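Visitor: Start from the sequences and build out the full structure, keeping to the hints where you can.
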Amino acid sequence: MKESKLGSLLLPLGGIALCLLVWTAVSRTIAPDLPSPLRTWEESKPYVLRPFFKDGEMNQGIGRFALLSLVRVAKGFALAIALGTPLGFLLGLSRTFQRAFDPLIQILRPISPLAWLPLGLIIFQRSEPAAVFTIALCAMWPTVINTAVGVRSINPDYLNVGRVLRLSRARMLRKIIIPATLPYVFTGFRLSLGIAWLVIVASEMLTGAPGVGGFLWQEYNSLVYSHILLSIVTIGLIGYALDRLMGVAERRFQSA
Amino acid sequence: MAFLSLRGVRKSHPTARGEHVVLRDLDLEVNEGEFVAVVGPSGSGKTTLVSLIAGLMRPDAGEILLDGAPVTGPGPDRGVVFQNYSLLAWMSVLDNVLLAVESVSPELSADERRAKAERLVRLVNLGEAMHKKPHQLSGGMRQRVAVARGLAMEPRVLLLDEPFSALDALTRASLQQELVRIWMRERRTIVMITNDVEEAILLADRIFPLTAGPGARMGTPIDVRMPHPRSSRAVNLEPAYHEARRSVLSFLVGQRRASLGATLAGVGA
Ligand SMILES: Nc1ncnc2c1ncn2[C@@H]1O[C@H](COP(=O)(O)OP(=O)(O)OP(=O)(O)O)[C@@H](O)[C@H]1O
Ligand SMILES: [Mg+2]
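Chains as they are written, first to last, in this note's numbering: chain W, 10 to 265; chain C, 112 to 380.
Among the hints, erroneous ones may be present.
Stated by the list, open to error - Just the calculated beta-carbon pair ranges, DEER-fashion:
# : chain 1 : residue 1 : chain 2 : residue 2 : range
1 : W       : F61       : C       : D222      : 49 to 55 Å
2 : C       : S285      : W       : N164      : 28 to 34 Å
3 : W       : N164      : C       : S220      : 28 to 34 Å
In short, the hints are calculated from the structure, not lab data. Remember, it's a predicted structure, so these values are computed and weren't measured experimentally. Virtual Cβ for every residue (Gly too), placed ideally from N, Cα, C.
Guide: Set out below in structure tokens:
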């Protein structure tokens, strides 16, 4: 018990240490332009230690940038699940609807955010709604597909109960189909949020919107490479935290 | 004409190796207000029979008539206690029962419906577990929720698929008595599937033995001529009890021999 607890703390730290070692080695040998971990930390310090300072649109603390990105992701994610959940239920419930739209969905699903963004810019003319549009379009598919699969894999016993009780369509949906599908829906939400966060960098890079991704791209262009690494680490940590958070919500629904 | 009648009913399930005939040429006649039991070996098609009467499945051939009208789907006149309980996992015990009360008595006020559901939950001795979720209950407790929900449906025909199989002897005896009391008071028609011959004799007016599958048919019904309510102790002194018991058991044993013989013949061939 004690040993495994120690291991669960020490082993990940060991993995991170090894990664830092490789990073140092690479920056010393094959990639002299890549700042070492130590240099990265030195140059990032002002952004990390004063995470919420603001000194112009593109020169802000990393916390402030992260917040801007998170708000943008929240908007895109909200749109994704607002569209994706009903779409998933329709696909799961209606054979006709499924036959009509499944091929289209399979075609739209693999399209990269880099392809959607210009289209968003054409439609909305402004970068902010274009970014939200891109996030939503890329992130909604796991919600759509998981919800549809969830509806189709409802235990037939549950449906039989509804049939014997002669529930109306609306009550069948509210009392049986939706609650039975909820665990799948939440798995979809978690995966969608993961993608939404993945897409943020691409959409901020292309629109130049202030946020972690925008910062990353700007610092690349200004040759401040350590800040690229700072952004990468920040993106990873926040992505991990979001996934854990959604995991907690998901489990709550599974045990309910 | 009988209240519930099945004539020449055939039901098969498609399988990878052709179709598997579960029930073949099955006849069953049940009078209004009658309590009948169906006994039969495991896998002979008893649950299939319940699903057919409930309207959850359609027969391949033959007809099922309830009060003269053909059964084409589930209806409020038929309630089911499922063998696998089929409780809604996201609802408390009370809410599971309440859902049934709501669908049969929309005219009652919310308070009245709740009171009715609570009364049924207490009837099956689950007052303490009223607000628990199914996964927090033992198998026997879940089974009792299923029984409470079946009773809540207040159907003209109550279909019970091995409703007391997971219960200890004491709980079972008390629920059996409760069921007979409700039946005598409200005079519903009850079709009860059971594997317990004693239970069938204690409760039913007639016992229908199902032959072993595949292609199970109904054997000749056995009348149980004893007045209700029957107490299990008093029943032991009745010659009618032993007579019924002998008939049912000899039928079932005969079935076992027959199917064993068929199997052995199959092995020999
Ligand atoms: N959905 C299905 N698909 C294929 N075969 C099925 C299906 N449902 C039941 N069967 C088959 O039909 C036969 C009868 O099943 P059924 O559940 O009616 O038996 P039962 O008499 O209720 O058994 P038990 O006493 O064990 O509950 C079995 O051989 C089973 O394998
Ligand atoms: Mg069965």
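Visitor: Now tell me, hint by hint, if it's right for this structure.
Guide: Here is how each hint holds up against the structure:
Here the CB-CB span from F61 of chain W to D222 of chain C is close to 54 Å, well matched to the stated 49 to 55 Å. One distance hint, 28 to 34 Å for the beta-carbon pair S285 of chain C and N164 of chain W, holds here, with the actual separation near 31 Å. Between N164 of chain W and S220 of chain C the beta carbon distance is about 32 Å. The supplied range of 28 to 34 Å therefore holds.
Consistency with the previously given hints is maintained throughout, with no hint failing.
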